[in-house]
Amino acid sequence: MPTKISSKFSRRSFLRTSSLASGGMLIGFNFFSSCKDSVKMPDDISKLNYNDFNAFIKIANNGMVTIFSPNPEIGQGVKTSMPMIIAEELDVPWENVNVVQGVLDTSNYTRQVAGGSQSIRFGWDALRQTGASAREILVNAAATRWGVKPSECDVKNGVISNAKGETLGYGDVVNEAAILENERAIQFAKLTKEEQSAENEEVLRLKKPEEYTLIGKDIGNVDIDKIITGKPLFGLDFKSEGMVYACVLRPPAFGQILEYYDETAAKEVTDVIDVFKIGDKAKAMLAKEDVNWTVKLPETDKIVVIAKNTWAAIKGKNALKAKWKQVSKAENSEEQDEKMLTLLNGNKFTNLRKDGDVVKAFKQADKVIERVFESPFLPHNCMEPMNFYANVTPERIHLVGPVQTPADAAATVASMLGREMSEVHLEMTRMGGGFGRRLYGDFVYEAAEISHTIKKPIKMISSREDDMTTGIYRPAIKYKIAASIKDNTITGYHLKEVAIGGNMYGLIPNFFPAGAISNYQVDVAKLDSNITVGAWRAPFTNFLAFAEQSFLDELAEEIGKDAVQLRLDLLQKVKGTTDERIQYSPERMEEVIHLAVEKSGYRTPKEDVFQGFCAYYCHNTHVAEVADVVIESGMPVVKKVTVAVDCGIVVNPLGALNQIEGGVIDGVGHAMYGDFKFKEGKPSSNNYNTYRLIRNGEAPKVETHFVKNTKRPTGLGEPTLPPAGAAVAIALKKATGKRFYKQPFSTNLASQSIIG
Amino acid sequence: MPKYKLKINGSMQSFEAAEDTPLLWALRDQLNLVGAKYGCGIGQCGACTVHVNGIATRSCQLKVSQLDNKEITTIEGLSKDGSHPVQKAWKEVDVPQCGYCQAGQIMTAAAFLDQNSNPTEQEIKNAMHGNICRCAAYNRIQKAVALAVDPNLANVVDRKSENTQA
Ligand code: FES
Ligand code: FES
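As they're listed, the protein sequences go chains A and B.
Those letters in the first sequence? Residues 1344 to 2099, per this note's numbering, in order.
Those letters in the second sequence? Residues 105 to 270, per this note's numbering, in order.
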């Protein structure tokens, strides 16, 4: 057996096994909280429950391995990469592995957010330990049969061998393994507490990164065959016997509630079954104290049209006549912009980080530079609009669809309808995009309230217009950044944020360049508004990176220093820091910078290609990007983005590259085109004819280079997006001579003549 | 309620629908062909693309009453088993992220390549420009379209990726 890294852990605390009635063994594990002593392992695949276990591995008599996980796929590839990690340590060929998405019973479900870009980072140890434990259980069975020690056996590709050259496949020993494990568990239960903890100190051997045979290989998306042949996969594709379709008319503007409605015309539409209003349940829930952050519902009644098919429901909804009452302010973006600027220039801030004395530094400076960066609201625009299936019956509540916070959604529905959590049965489907929108469960509660009211299985379907009109948007944000320069060095840095509805949180104030400038301060203020805002792919950093990195570029210009060198010099100051709040590693940042500079040809400029460089850290990942802009027919065009990424071990390069390409192009697209305003509480656009998303011909080519190391994997769904807008803005400055302080850039480009 | 009989994926399909029903919703609700997706409903995103007499067409913009004597092909009928060159190329390149837009992308690409079997990079971009991919898998979409008409596609080994018997 190859040398392995040892890791001490208590297997029995998070793993259980059972013999399957149909043959083979089932292993259940719970890696976020330990399994309770009382948990029962199912002996049949149809009885899998995810209350006590995060996932199950079935090893069949023929050696085939099936991994059952309720983890949904939103497009980040975790449904492929997480099982890969288990299969690696279990040491089975990928050809023998099936991945099946499980049904989630939500009571006691411990993971609050499913499918986020951090899944891999959190699951890394647990998934490896699970795979390795399963492998040792099987090896132990083979060793027992041969009468040798497990350490005298070797494993490769699902085949166990001993010194004599005898071999046994996993399938050959799996039944014995299940029996042996069961006996061990019985023995274990009889031990004293001390003996048990001694047993738990067992050493598990994990592979060294250089021994990986599966991790680091290109593995295709596990759902690919279904996607390319159009099989039902998504929430919108789900159907059940007797299901009817529901469209919901919600307030057309923020600050409005329903006053009255007339259903006559709607009811005349062929195939419309019923029209009624909902809202009592939701409003009662909102009145409760314990509503959590995933609940974002307006306090209004809504009108529901139930029909035999989607088209009739849409037509019925369009035929409704409703009167809305303005109960809070009808917001205008222009007015909000002014208020935000006033706040930004005022002194009502909350301090998030303060090093040294910026006021003093600014006083003693040769020069102080101050810039304001502005961004609009952004809708998520998941390609699959919000939708959910609900069937509320006296026996149980069945919910099916795309949501990223299943436990919260189920708990909220239970509380809203006054039911037990154990009655809620939630299944997650593949999701047509998330980008943060599906963290909020408003559409689940609506579906549940509709089904509860009409006592039928229903599917609630939102239109694109609905999604864009009643969204939970990326808030409009403004930054004012000021820096002091003395003797050609940056001596002070003061960042102020004003955002609508909420501010940057957590560790963000400790990202680069925190720690690199002695006098450093981050302050935030928020402007209240009735427009719902929330997480949007790479919350806050999606715009902050643009502001800070553009600003650093301008500072470099002021000082007369090379933009790359400025970053490298700043990083020197962070090396060996004892400040534990600092999140990024200066060494890892240096590495991505050098890699991006080298691979993009930044040091050997080409005529007519304008390159913008930036380096950023967020979501535990260090990234440097160089955008190439050229002028075509008098307009600047982003042709290519070179990306250097340090995300630790790359579990599945094929999937990782897809995430990076998507993140970068998404970042470029929204920085260039994403524009969204409100007038009298109504959004300026509600579909793709008036809202511009980046399209095929505008997408730059993304060239990715990984820093090769053996550090634990970090997420990739988010961190490559934020720097993209900055790299583009800096390249645009070189191409046009103009600095861009406002997103989207396209509106400014159109109104100005380009200096080639 | 009017009755319709349409030729879809090679066979005649009968269903009842209001005459202004867009083909998209008839396919999805009445005929259980959910491959074509709803993205915008106004002809802007291409998620609902199907072939009508071999031409890539937005099914959200076509009424069921306009389709007499037309041959309709959906992603489900593009091939029996996912073996159409465009589907094979899509799998080899591993194009999808969330996957929602991909049926529409594939249908647009397949119809385009029927007309142009040796496209330039720019022609591919132009042909695919009308199909939005919110996940921005555009680089791979371009790559897969080019691969679909590449003679080397035949040599591509079928990558094991999906197997979900429970
Ligand atoms: S749904 Fe038909 S083009 Fe968007
Ligand atoms: S893959 Fe998600 S929209 Fe295209």
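For the record, the hints were derived by calculation from the structure and aren't laboratory data.
Hints are supplied without guarantee of correctness; some may be wrong.
[To be verified] Listed below are the simulated PhoX-like cross-link pairs for lysine-lysine, each with C-alpha atoms no more than 25 Å apart in a straight line:
(1) B:247 <-> A:1582
(2) A:1710 <-> A:1574
(3) B:111 <-> A:2044
(4) A:2022 <-> A:1666
(5) B:167 <-> B:111
(6) B:174 <-> B:184
(7) A:2044 <-> A:2020
(8) A:1710 <-> A:1582
(9) B:174 <-> A:1582
(10) A:1651 <-> B:167
(11) B:247 <-> A:1574
(12) A:1651 <-> B:247
(13) A:1869 <-> A:1829
(14) B:184 <-> A:1582
(15) A:1582 <-> A:1626
(16) A:1560 <-> B:192
(17) A:1668 <-> A:1626
(18) B:109 <-> A:1582
(19) B:109 <-> B:192
(20) B:174 <-> A:1574
(21) A:1582 <-> B:111
[Stated by the list, open to error] Some chain B residues flagged as far from chain A (calculated, every beta-carbon gap over 10 Å):
(22) 110
(23) 114
(24) 133
(25) 169
(26) 174
(27) 201
(28) 215
(29) 220
(30) 230
(31) 238
(32) 253
(33) 255
(34) 258
Note that beta-carbon positions come from the ideal geometry of N, C-alpha and C, so glycine has one too.
Going down the list of hints, with the structure as the test:
1. B:247 <-> A:1582: violated (34 Å)
2. A:1710 <-> A:1574: violated (63 Å)
3. B:111 <-> A:2044: violated (40 Å)
4. A:2022 <-> A:1666: Holds, at roughly 19 Å.
5. B:167 <-> B:111: holds (14 Å)
6. B:174 <-> B:184: Distance ~20 Å between residue 174 of chain B and residue 184 of chain B Cα, so the pair holds.
7. A:2044 <-> A:2020: violated (30 Å)
8. A:1710 <-> A:1582: Between residue 1710 of chain A and residue 1582 of chain A the Cα gap is close to 65 Å, so the pair fails against 25 Å, i.e. violated.
9. B:174 <-> A:1582: Not OK: residue 174 of chain B and residue 1582 of chain A at ~28 Å, beyond 25 Å, violated.
10. A:1651 <-> B:167: holds (18 Å)
11. B:247 <-> A:1574: Status holds; Cα separation ~23 Å.
12. A:1651 <-> B:247: violated (41 Å)
13. A:1869 <-> A:1829: violated (32 Å)
14. B:184 <-> A:1582: The hint holds at about 23 Å.
15. A:1582 <-> A:1626: Violated. Residue 1582 of chain A to residue 1626 of chain A sits at ~29 Å, over the 25 Å cutoff.
16. A:1560 <-> B:192: Holds: residue 1560 of chain A and residue 192 of chain B sit about 20 Å apart, inside 25 Å.
17. A:1668 <-> A:1626: This hinted pair holds, its Cα atoms lying about 17 Å apart.
18. B:109 <-> A:1582: holds (23 Å)
19. B:109 <-> B:192: Distance ~32 Å between residue 109 of chain B and residue 192 of chain B Cα, so the pair is violated.
20. B:174 <-> A:1574: Between residue 174 of chain B and residue 1574 of chain A the Cα gap is close to 24 Å, so the pair holds against 25 Å.
21. A:1582 <-> B:111: holds (24 Å)
22. 110: Holds, since 16 Å exceeds 10 Å.
23. 114: It holds; residue 114 of chain B is separated from chain A by about 15 Å at its closest Cβ, greater than 10 Å.
24. 133: Per Cβ check, residue 133 of chain B is inside 10 Å of chain A; nearest 4 Å; violated.
25. 169: holds (13 Å)
26. 174: holds (19 Å)
27. 201: violated (4 Å)
28. 215: holds (15 Å)
29. 220: Its Cβ never comes within 10 Å of chain A, the nearest being 16 Å, so this holds.
30. 230: Residue 230 of chain B not clear of chain A: closest Cβ-Cβ about 6 Å, inside 10 Å.
31. 238: With a cut-off of 10 Å, residue 238 of chain B comes too close to chain A, as the shortest Cβ separation is near 4 Å.
32. 253: It holds; residue 253 of chain B is separated from chain A by about 17 Å at its closest Cβ, greater than 10 Å.
33. 255: Consistent with the label, residue 255 of chain B stays out of reach of chain A, its closest Cβ about 21 Å off (over 10 Å).
34. 258: holds (18 Å)
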